[in-house]
Each structure stands twice: as C-alpha cells, then as structure tokens.
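Taken in order, these protein sequences are the chains called A and B. Counting in full-length UniProt numbering, the first sequence runs from 1 upward without gaps. Counting in full-length UniProt numbering, the second sequence runs from 1 upward without gaps.
It is possible that some hints are incorrect.
[What the hints assert, rightly or not] Residues from chain B that face chain A, not an exhaustive set, calculated with beta carbons under 8 Å:
{"no.": "1", "residue": "Gln-73"}
{"no.": "2", "residue": "Leu-417"}
{"no.": "3", "residue": "Leu-418"}
{"no.": "4", "residue": "His-424"}
{"no.": "5", "residue": "Ala-426"}
{"no.": "6", "residue": "Ala-448"}
{"no.": "7", "residue": "Glu-449"}
No lab work stands behind these hints, which were simulated from the structure alone. Quick reminder that beta carbons are idealized off the backbone N, C-alpha and C, glycines included.
Number of protein chains: 2
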Amino acid sequence: MRRPFTLLIAGVLLLPLAVTTGSAASGPAPGPITVDSVVPAPAEVVPSRAAPFRITATTVITATGAAVPVAEQLAAALRPATGHPLPVRAAGGPAIELRLNAAADPWLGDEGYRLEIGAGGVALRANRPAGLFAGTQTVRQLLPPQIEATSVRRADWTVPAGVIRDRPRFPYRGAMLDLARHFHPPADVKRYIDEISRFKINYLHLHLTDDQGWRIEIDGWPRLTTVGGGPGTGVRGLGGGHLTQDDYRDLVRYAAERYVTIVPEVDMPGHVNAAQVAYPELTCDGVAPRPRTDIRVGYSSLCTGKEVTYRFAEDVIRQLAALTPGPYLHLGGDEAHSTGHADYLAFEQRVLPLVARYGKIAYGWQEIAEAPAATGAVIQYWAATRDSPPVAAAAAAGAKVVLSPADRTYLDMQYDLLTPGGLHWAGTIEVDAAYGWDPATWARGVPAEAVLGVEAPLWSETLRDYGRIEFQAFPRLPAIAELGWSPRAAHDWTSFRERLGAYGRRWTRRGVHFYRSPRIRWS
Amino acid sequence: MRRPFTLLIAGVLLLPLAVTTGSAASGPAPGPITVDSVVPAPAEVVPSRAAPFRITATTVITATGAAVPVAEQLAAALRPATGHPLPVRAAGGPAIELRLNAAADPWLGDEGYRLEIGAGGVALRANRPAGLFAGTQTVRQLLPPQIEATSVRRADWTVPAGVIRDRPRFPYRGAMLDLARHFHPPADVKRYIDEISRFKINYLHLHLTDDQGWRIEIDGWPRLTTVGGGPGTGVRGLGGGHLTQDDYRDLVRYAAERYVTIVPEVDMPGHVNAAQVAYPELTCDGVAPRPRTDIRVGYSSLCTGKEVTYRFAEDVIRQLAALTPGPYLHLGGDEAHSTGHADYLAFEQRVLPLVARYGKIAYGWQEIAEAPAATGAVIQYWAATRDSPPVAAAAAAGAKVVLSPADRTYLDMQYDLLTPGGLHWAGTIEVDAAYGWDPATWARGVPAEAVLGVEAPLWSETLRDYGRIEFQAFPRLPAIAELGWSPRAAHDWTSFRERLGAYGRRWTRRGVHFYRSPRIRWS
Numbered sequence: 001m002r003r004p005f006t007l008l009i010a011g012v013l014l015l016p017l018a019v020t021t022g023s024a025a026s027g028p029a030p031g032p033i034t035v036d037s038v039v040p041a042p043a044e045v046v047p048s049r050a051a052p053f054r055i056t057a058t059t060v061i062t063a064t065g066a067a068v069p070v071a072e073q074l075a076a077a078l079r080p081a082t083g084h085p086l087p088v089r090a091a092g093g094p095a096i097e098l099r100l101n102a103a104a105d106p107w108l109g110d111e112g113y114r115l116e117i118g119a120g121g122v123a124l125r126a127n128r129p130a131g132l133f134a135g136t137q138t139v140r141q142l143l144p145p146q147i148e149a150t151s152v153r154r155a156d157w158t159v160p161a162g163v164i165r166d167r168p169r170f171p172y173r174g175a176m177l178d179l180a181r182h183f184h185p186p187a188d189v190k191r192y193i194d195e196i197s198r199f200k201i202n203y204l205h206l207h208l209t210d211d212q213g214w215r216i217e218i219d220g221w222p223r224l225t226t227v228g229g230g231p232g233t234g235v236r237g238l239g240g241g242h243l244t245q246d247d248y249r250d251l252v253r254y255a256a257e258r259y260v261t262i263v264p265e266v267d268m269p270g271h272v273n274a275a276q277v278a279y280p281e282l283t284c285d286g287v288a289p290r291p292r293t294d295i296r297v298g299y300s301s302l303c304t305g306k307e308v309t310y311r312f313a314e315d316v317i318r319q320l321a322a323l324t325p326g327p328y329l330h331l332g333g334d335e336a337h338s339t340g341h342a343d344y345l346a347f348e349q350r351v352l353p354l355v356a357r358y359g360k361i362a363y364g365w366q367e368i369a370e371a372p373a374a375t376g377a378v379i380q381y382w383a384a385t386r387d388s389p390p391v392a393a394a395a396a397a398g399a400k401v402v403l404s405p406a407d408r409t410y411l412d413m414q415y416d417l418l419t420p421g422g423l424h425w426a427g428t429i430e431v432d433a434a435y436g437w438d439p440a441t442w443a444r445g446v447p448a449e450a451v452l453g454v455e456a457p458l459w460s461e462t463l464r465d466y467g468r469i470e471f472q473a474f475p476r477l478p479a480i481a482e483l484g485w486s487p488r489a490a491h492d493w494t495s496f497r498e499r500l501g502a503y504g505r506r507w508t509r510r511g512v513h514f515y516r517s518p519r520i521r522w523s
Numbered sequence: 001m002r003r004p005f006t007l008l009i010a011g012v013l014l015l016p017l018a019v020t021t022g023s024a025a026s027g028p029a030p031g032p033i034t035v036d037s038v039v040p041a042p043a044e045v046v047p048s049r050a051a052p053f054r055i056t057a058t059t060v061i062t063a064t065g066a067a068v069p070v071a072e073q074l075a076a077a078l079r080p081a082t083g084h085p086l087p088v089r090a091a092g093g094p095a096i097e098l099r100l101n102a103a104a105d106p107w108l109g110d111e112g113y114r115l116e117i118g119a120g121g122v123a124l125r126a127n128r129p130a131g132l133f134a135g136t137q138t139v140r141q142l143l144p145p146q147i148e149a150t151s152v153r154r155a156d157w158t159v160p161a162g163v164i165r166d167r168p169r170f171p172y173r174g175a176m177l178d179l180a181r182h183f184h185p186p187a188d189v190k191r192y193i194d195e196i197s198r199f200k201i202n203y204l205h206l207h208l209t210d211d212q213g214w215r216i217e218i219d220g221w222p223r224l225t226t227v228g229g230g231p232g233t234g235v236r237g238l239g240g241g242h243l244t245q246d247d248y249r250d251l252v253r254y255a256a257e258r259y260v261t262i263v264p265e266v267d268m269p270g271h272v273n274a275a276q277v278a279y280p281e282l283t284c285d286g287v288a289p290r291p292r293t294d295i296r297v298g299y300s301s302l303c304t305g306k307e308v309t310y311r312f313a314e315d316v317i318r319q320l321a322a323l324t325p326g327p328y329l330h331l332g333g334d335e336a337h338s339t340g341h342a343d344y345l346a347f348e349q350r351v352l353p354l355v356a357r358y359g360k361i362a363y364g365w366q367e368i369a370e371a372p373a374a375t376g377a378v379i380q381y382w383a384a385t386r387d388s389p390p391v392a393a394a395a396a397a398g399a400k401v402v403l404s405p406a407d408r409t410y411l412d413m414q415y416d417l418l419t420p421g422g423l424h425w426a427g428t429i430e431v432d433a434a435y436g437w438d439p440a441t442w443a444r445g446v447p448a449e450a451v452l453g454v455e456a457p458l459w460s461e462t463l464r465d466y467g468r469i470e471f472q473a474f475p476r477l478p479a480i481a482e483l484g485w486s487p488r489a490a491h492d493w494t495s496f497r498e499r500l501g502a503y504g505r506r507w508t509r510r511g512v513h514f515y516r517s518p519r520i521r522w523s
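I would like the entire structure built from these sequences, with the hints used as guidance.
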C-alpha cells in the first residue's frame with residue numbers, strides 16, 4: 001500500500017497527490033504525479049490523471065545553447081540504468097526538452113523551473129541554466145529508484161503526468177565541509193558535491209584552515225601547507241594533505257558544473273595554530289607553538305599588533321579572491337578567545353574591508369557582528385541559542401544572515417549518544433530536530449528579509465574517511481535543504497518523513513552510507 | 001617468546017622476574033614466579049627457581065574460622081576449569097592454605113597479604129579476611145588464563161614458586177556507577193562487583209539519584225521511585241527502574257562478601273529534577289518541573305529556604321545511613337548552578353552535619369570544599385584541572401580527598417572520538433592517559449597525607465546495557481586500580497601494558513566486552 005501524499009501548493013491549496021491505496025490501485029499503470037521521493041518538496045505540484053511519460057529506446061533529450069551541458073548531465077544520469085541511448089539533440093521526440101525561457105518568467109527567478117509532464121514528453125523550462133539543473137534533479141527523483149543503478153535494470157521508466165512549478169525560498173542553501181581537522185582529497189569533495197547538489201544545495205563552504213591544519217596553497221607562504229598540512233585531528237597517517245591552487249580551481253569548476261558555488265574560508269584571528277607553527281612571526285612572541293591534533297578551541301590568535309599579520313591576511317585574501325568566481329569570501333572570526341576584545345574588533349575593522357577591496361563580499365561567523373564593518377557582510381549565525389543582540393543589530397544595519405544554529409544544523413553532532421563518530425557539545429540532533437525549525441524566524445530580532453538562507457556545517461574532527469562524511473550528512477542534510485528551498489507552508493514533518501523514507505532506497509542503490517534513523521520508516 | 005618482566009620491589013630492587021625467552025625456556029616446566037597477568041602489580045615479588053605448586057585432584061584448600069568463606073570463594077573460582085574437587089578443610093595437604101595471622105604483621109595492615117609458593121603448597125597469610133581475599137585474587141591471576149573457563153580445561157595448573165608481599169598504597173580504591181541516567185538491575189551491579197573486586201577495588205560508589213531518575217526506595221516518599229524511577233536518559237523502554245531497600249541490602253551483602261564497601265550517593269541540592277517531578281513541594285514555586293531525559297546539567301535546585309527540603313534530606317540520610325554498614329555517605333553537591341552561592345553554603349552547612357549525626361562520614365563532590373563543614377568530610381576531586389584552592393584549603397584544615405580527575409578517571413569519556421558510546425566533554429581518555437598520573441601529587445596544594453585514594457566514576461548517559469558498562473570500564477579501571485593499590489615505584493607504563501595485554505585473554509575467556517585499545521599488544 002502506498003500512503004496518500006499531500007502537499008500544499010503555494011501555501012494555499014491542499015491536494016492529494018497520490019491516493020494509490022490497495023483498492024484504488026489500477027494495475028501497473030502509474031497514477032497521477034506523485035512526489036514521493038522528491039526532496040526538497042516542490043513549491044507547487046498539480047497532478048494529472050493523464051498517462052505518464054515513458055522513457056524508451058527512442059527517447060531523446062533536446063536542448064540548445066546554454067541548456068546543452070545540463071541536458072548532457074541528465075542524459076549521463078539516465079543512461080546507465082535505462083540502457084537507452086538518450087541522445088542530446090537540438091530537436092526531436094519523444095523528448096525530455098530542456099529550454100531556457102526567451103522572456104524571463106519573474107516568478108521563477110534564477111533557480112526556479114517549470115516542469116510539465118505528459119505522455120508526449122517532458123517540458124522543462126527555466127530562466128537560467130541553474131533552474132534547468134534544479135529541474136533535472138526533480139526529474140531524476142520522479143523516476144523509480146532503480147534509476148540510481150550503474151548498470152541496466154528492468155523497470156517501468158515512467159515520469160508521472162502533471163505540472164510542477166518550483167523555486168527556492170532562500171537564495172543561499174549551503175553545506176560546509178571542514179577540510180582542516182581531517183583533510184579529504186578532491187575526489188571525495190566531488191562525491192559530496194554530487195550528493196548535495198541533488199538536494200538543490202547551491203553553496204559549498206570549505207573550511208580550509210584551522211588550528212590543526214592549513215589546507216590551501218598560498219603563494220609566498222609555502223610553509224602553510226608543507227608544514228601546516230599535517231594530520232589535523234587524524235591518527236595513524238590519516239587526516240593530512242592540502243589543496244594546491246590547481247586542485248582548488250578544479251573543485252570550483254566541478255562544483256559550478258553542478259550549480260554549486262564554492263565559498264572559501266580562512267579562519268582568523270583565532271583558529272590559526274597551524275599557520276603559526278609554519279610561520280612563528282604570526283605570534284606576538286615569535287615562538288612557534290606546538291602542532292595540535294586535539295579538538296580544543298580558542299587558544300590561538302594572530303598577533304593583531306604586528307604588521308606582518310595584515311600582510312599575511314591580505315596575501316591570503318587577495319589570492320583566494322582571485323581563485324574564487326563566487327561572490328563570498330569567509331574570514332571565520334569565531335571563538336577568538338585568546339584575542340582581546342578591542343584587538344578583535346580592530347582586526348575585523350581592518351580585514352573585513354580587504355575582502356571588498358578584492359571584489360568579494362565578506363562573510364564570517366557571528367562573532368564578527370560586533371565589528372561595525374560587519375554591516376556590509378554576511379553573518380553566519382551558529383549559536384545554539386536564539387538570541388544574539390549583536391547579530392540583530394547588524395541585521396538592522398544591513399547585514400545579511402545565514403542560519404546555521406549548532407543544535408539544528410551542525411551535521412557533526414551525533415544523532416544520539418550511541419551513534420559512532422560525531423561530537424555532542426551542542427546536543428544530539430535526530431533528523432526530526434534538524435527539520436523542525438524555521439530559518440526565517442529562528443534568530444530573535446533578525447527579520448526574515450535579512451535571512452540570506454541556511455547552511456549545514458560538517459566539522460571533521462571525527463571524519464576519518466568519506467563514509468563518515470556521508471553518515472553524518474545523510475539524512476540530515478536533506479532536512480536543511482528542504483528548509484532552505486521549499487516554501488514555509490510546505491514544511492511538514494509527516495510528509496518529509498514519508499518522502500525521506502522512500503528516498504532511502506536511492507541512497508542504498510548508489511552505496512551512500514546513511515544513518516537509518518529510527519524516526520523514519522525506510523522503505 | 002615470553003618477554004622479560006621486571007618489577008621494582010619496595011621501590012628499591014629491580015629484579016628480573018621472568019627471563020623465559022626462547023633460548024632460556026626449559027621445556028614445559030615453568031620458570032620462576034612471574035606476575036605477567038597480575039594487576040595491580042604487587043608491592044614485592046621475590047622469584048624462586050624452585051619447582052612450582054601444581055593443583056591436582058588431591059589438592060585441598062585449608063582454612064579455619066573467618067578464613068573459611070574466602071577459601072570457599074577461591075575453591076568455587078578454581079573448580080570449574082580444573083575439574084578438581086578442591087575441598088575446603090581445616091587441615092591437610094598438598095594445600096593452598098589460607099590463614100589469618102595470630103599476631104598482626106603491621107606491614108600488611110588490613111588488606112595486605114603474604115603469599116609463599118613452593119612445590120609443597122601455597123601459604124597465604126593476612127591479618128584480616130580482606131587481605132586473604134586480595135591474596136586469592138593474585139593466586140587466580142598467577143594461574144594460566146584457562147582458569148577463567150567455566151568448564152573443565154586441560155592446562156598446566158601450576159602456580160610459579162616465589163614469595164609475594166603486598167599491600168595497598170591507598171586505603172580507598174573506588175569505582176562509581178551511575179544508576180540514575182540508566183538504571184541497571186542488581187544482577188548487573190553484581191557482575192560489575194565481581195569484575196572490579198578482581199583488581200582489588202574496595203569501594204563501589206552508587207550514584208543513586210539525579211535529574212533524570214531517582215533509584216532508591218525511601219520510606220514515606222514513595223513517589224521518588226514510582227514517579228521518579230523513569231527512563232533516565234534511556235530510550236525505547238530502557239533505563240528505568242529502582243532499587244527497593246531489600247535490593248540495596250542484598251547488594252551491600254553481596255559486595256561485602258567480595259570485600260567491596262558500598263558508598264551510597266544522593267545528589268543535592270542540584271541534580272534533583274526527578275525528586276521535584278515526584279514532589280513539587282521541593283521546588284520554591286511548588287510547581288512540578290517536566291521530567292528530563294536529556295544530558296544537560298545544572299538546572300535544578302532544592303529550595304534551600306523551605307523546611308520541607310531539610311525534612312526530605314534528613315529522611316533520606318537517616319534511612320540510607322541505617323541501610324549502609326560502610327563508613328561513607330555521599331551527598332553529591334556538584335554543579336548546583338541554579339542554587340545561589342550563599343544558599344549553597346548554608347545548605348551544605350546544614351546537611352553535611354546530618355551525616356555525622358547518623359553515624360557516617362560525609363562525602364561529596366569537590367564543590368562542597370567551600371563549606372566550612374567540609375573539613376570533616378571526604379572531598380571527591382573531579383575537575384579536569386590540577387588546581388582547586390578551596391580543596392587545598394579544606395585538605396589543610398583536615399578534609400580527606402579522593403582523586404577522580406575527569407580527564408583521567410572518568411570511565412564514561414570516550415577512548416577516542418570514534419569509540420561508540422561515552423561522552424567527551426573532558427576529552428578522550430586512552431588507557432595510557434588513565435594510567436599516566438600520580439594521585440598523591442595530582443591536585444596542587446593537596447598533600448599526599450590528605451589523599452584517601454582514587455575513584456573511577458562511570459556516568460551512565462550512554463550505558464544502555466551491561467555490555468556498555470564493561471566496554472567503558474575495561475581496560476581503564478585496572479589502570480586506576482593499579483594507581484591506587486601499587487606503590488608509586490611500581491608504576492611503569494611498559495610493565496602495565498605488558499601485563500594488561502596478557503590479562504586480556506582472561507576477559508575474552510569469560511566474555512567481558514572490553515575495549516581492545518590499539519595502545520596495548522593483546523596476547
């Protein structure tokens with residue numbers, strides 16, 4: 001028996017999208033459109049009783065111009081399991097047609113899409129390639145889970161009939177990966193990009209530096225990576241490494257092909273022990289501290305009274321800005337417990353504007369909110385409390401806020417105290433807790449208009465290998481993705497739980513190591 | 001190949017106790033006495049080249065008077081694997097002879113023993129039954145690991161020849177088990193007593209009450225256990241329960257037979273949420289708080305301005321004192337963050353003396369040190385720092401101190417961040433960290449004379465079942481036991497690591513779920 005599925009459309013209409021219970025089921029022919037496995041939930045779904053579209057050996061994917069790369073990616077995703085050739089052509093049929101609107105549809109914006117599915121074809125429309133890409137992720141989720149197989153499967157390759165109109169609630173839907181505490185090679189970061197982009201996550205924030213490791217090559221400061229690229233919190237040879245600038249450029253390119261924008265972070269003035277081990281002149285006494293592999297925080301600080309500190313910061317900011325096509329450059333700023341408060345504010349007043357000088361928007365953890373320069377920045381709210389008067393004040397003065405409350409979005413928190421790996425300093429976070437909050441109203445005093453979006457950080461103290469990244473991220477990352485993408489009125493735990501339970505088969509089929517939460521009935 | 005084993009005797013002589021390398025080995029006959037598996041290390045070991053004692057079908061265990069129950073326990077421990085009858089008799093031979101000294105040997109004190117082993121017999125002498133019991137634990141560890149089997153095994157049941165003279169460094173060597181966060185039934189507590197008494201642990205501190213549960217029946221306050229005996233931090237029906245007064249008496253008796261003294265703890269004025277759920281009059285506003293299952297601390301407080309608080313405290317103290325033959329009654333006193341500081345001191349000044357009124361010695365976590373009444377008490381040092389001026393001042397004024405530094409002795413801390421279960425707020429603790437400190441000099445300003453001993457607390461937030469108790473306790477509990485029992489000069493990581501590695505086979509044979517630390521070469 002399939003359970004009835006309902007979805008709010010534009011927050012007004014409540015429609016039963018699938019009522020294919022045992023008695024109502026009509027043989028092998030699928031019913032009207034269902035979004036059983038679609039995560040995040042689309043903004044509007046209008047089911048149809050018409051016949052579905054069926055992918056066959058004669059199906060083509062049509063696209064021209066800027067739509068072609070997206071079409072090629074869709075074809076590559078659908079060919080292995082279907083075994084069909086699915087050529088990408090300018091025209092033809094029966095087709096999955098990807099087309100950019102000649103005149104922009106204002107409702108769709110840059111990332112929205114419209115999907116119309118009938119027996120004759122699938123028409124996907126968007127203003128921009130990012131919207132087409134989002135729409136293709138929905139198409140993949142509308143197909144049976146066997147579509148995830150890497151070799152030919154027998155299945156009914158139908159896409160149910162109906163119309164979906166969809167767009168994101170917030171422009172920023174991020175994931176963060178900490179490469180400092182355990183370095184993970186570019187191939188693993190790409191696998192993570194593959195997975196998160198399926199859920200319409202559009203920013204990947206890379207935490208590139210911390211006390212235990214410095215992971216990005218900086219010209220003129222070679223020891224940052226040759227000395228500072230050690231094991232992080234890793235043991236027995238795990239955890240070390242760094243990205244060359246070529247590696248970083250390649251990651252940026254790979255992510256952009258999936259409409260994910262890389263946000264680089266270099267954390268300062270705290271969390272700099274690895275840099276100071278490499279360059280002792282960055283300490284006030286000029287003495288190199290010992291390398292650290294423990295998980296403590298708050299003990300290191302750049303020397304805010306030395307000019308070399310600002311030469312260092314500007315070199316790093318200038319090079320990262322040049323390497324990064326995306327709009328944001330994250331300067332950390334958190335937990336600088338060993339920097340005097342006045343020194344901290346003076347430091348931020350001097351370095352935050354450097355980001356703008358090199359053409360980027362400054363971004364930092366919420367502690368930067370007290371610096372006047374933060375009013376032009378993006379502030380990442382991470383406290384496990386709903387009150388931060390400095391953030392509220394900065395938002396009132398013009399700052400944008402990304403919500404990453406630690407007790408809801410930190411993917412490194414354990415699911416419960418017995419799940420292996422992860423920390424629990426902000427509590428444990430089961431998938432229902434990750435889902436059960438509203439980014440627009442969470443931080444008291446921060447109005448919805450100031451909220452740029454949400455982000456799910458994944459700190460890597462316990463992430464010894466890629467499997468542990470997946471285990472911590474899934475299924476909580478899709479919860480955060482839905483909070484960021486889907487309209488508030490579509491947020492519904494019962495619906496999400498059902499869709500996630502159905503989605504699990506897709507992870508299983510492609511070998512994703514996810515946490516089988518007891519709160520979910522996995523199908 | 002067996003590795004050479006050396007041990008300091010009385011801190012002066014360094015003797016090779018076993019040099020049975022490949023070339024020196026002389027066939028199946030064992031060499032001189034070795035203490036390869038003896039944990040904690042005995043104070044003095046004098047090996048002999050004489051023939052060993054062999055347990056055979058004709059061996060008897062001889063004992064009279066108060067030595068008989070200890071002899072019966074030894075016989076019961078040796079019969080299953082040897083298959084020999086090992087009758088306990090007043091006289092006869094060849095014998096393992098247990099005898100209380102007619103005239104006390106001052107060096108041995110109450111818990112020391114002398115063990116002389118030759119081909120003709122084993123002579124175990126002590127001033128008191130507790131010393132005989134300690135000596136029988138050493139005898140068990142001198143036999144081959146097959147002795148742990150529960151059915152007949154073929155092995156060379158020899159005890160190597162030599163003389164051991166042994167006594168504890170500190171009079172208090174404790175383990176603590178938290179029954180509040182997860183209740184564990186008496187049968188599991190007894191299994192834990194069996195295991196810890198092998199390592200000459202002589203106190204078991206039971207943390208009977210906390211925010212999440214109240215686990216001891218108190219006459220006149222029935223709701224403490226009927227309402228307050230809930231799941232603790234447990235889920236899905238686990239974690240609930242309580243001890244009746246009869247259960248508690250039975251545990252006290254069972255422990256005493258193994259020379260383990262129960263120390264009951266009722267925690268106040270904080271950590272009392274479960275009591276307040278049951279009896280809202282214990283709050284200042286008279287309103288029942290919600291039951292708690294999370295792991296937070298510091299939010300609850302008895303109302304120090306109400307007389308009912310002191311009636312409650314006195315009822316509990318009077319009944320526990322009557323139920324407890326041991327000298328100590330622990331009143332908690334930790335983390336009372338919701339009690340005003342002056343109120344806290346006034347509360348302790350009033351309740352600590354109640355313990356003496358009912359014939360016991362007051363005992364509390366280190367926060368009590370600031371109350372003047374604590375100078376007559378035992379103070380349990382738990383901070384993960386080596387400085388506590390209030391504890392130093394109380395010790396100077398006469399208080400005794402038990403060392404339980406959280407970053408060394410808390411068995412609920414994870415071994416590393418990836419071991420399942422356990423917390424890590426005080427850091428991770430591998431077995432070498434648990435072993436590598438000295439209780440006599442750890443707390444700055446607390447002189448060695450003020451140190452009563454050591455204790456290894458095991459908080460139960462993650463202890464869903466008995467296997468998890470074992471996993472957290474072993475092999476770290478033996479490390480703490482050796483710090484508490486063996487002379488300072490015998491503390492040696494290399495030696496401990498070798499003996500622990502050999503001991504592991506005994507845990508394996510009796511099915512103890514221990515952590516196979518990568519720092520140990522398990523044989």
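* May I ask which of the numbered hints given earlier this structure violates, with the numbers listed in increasing order? => Hints 1, 5, 6, 7 contradicted; others consistent.
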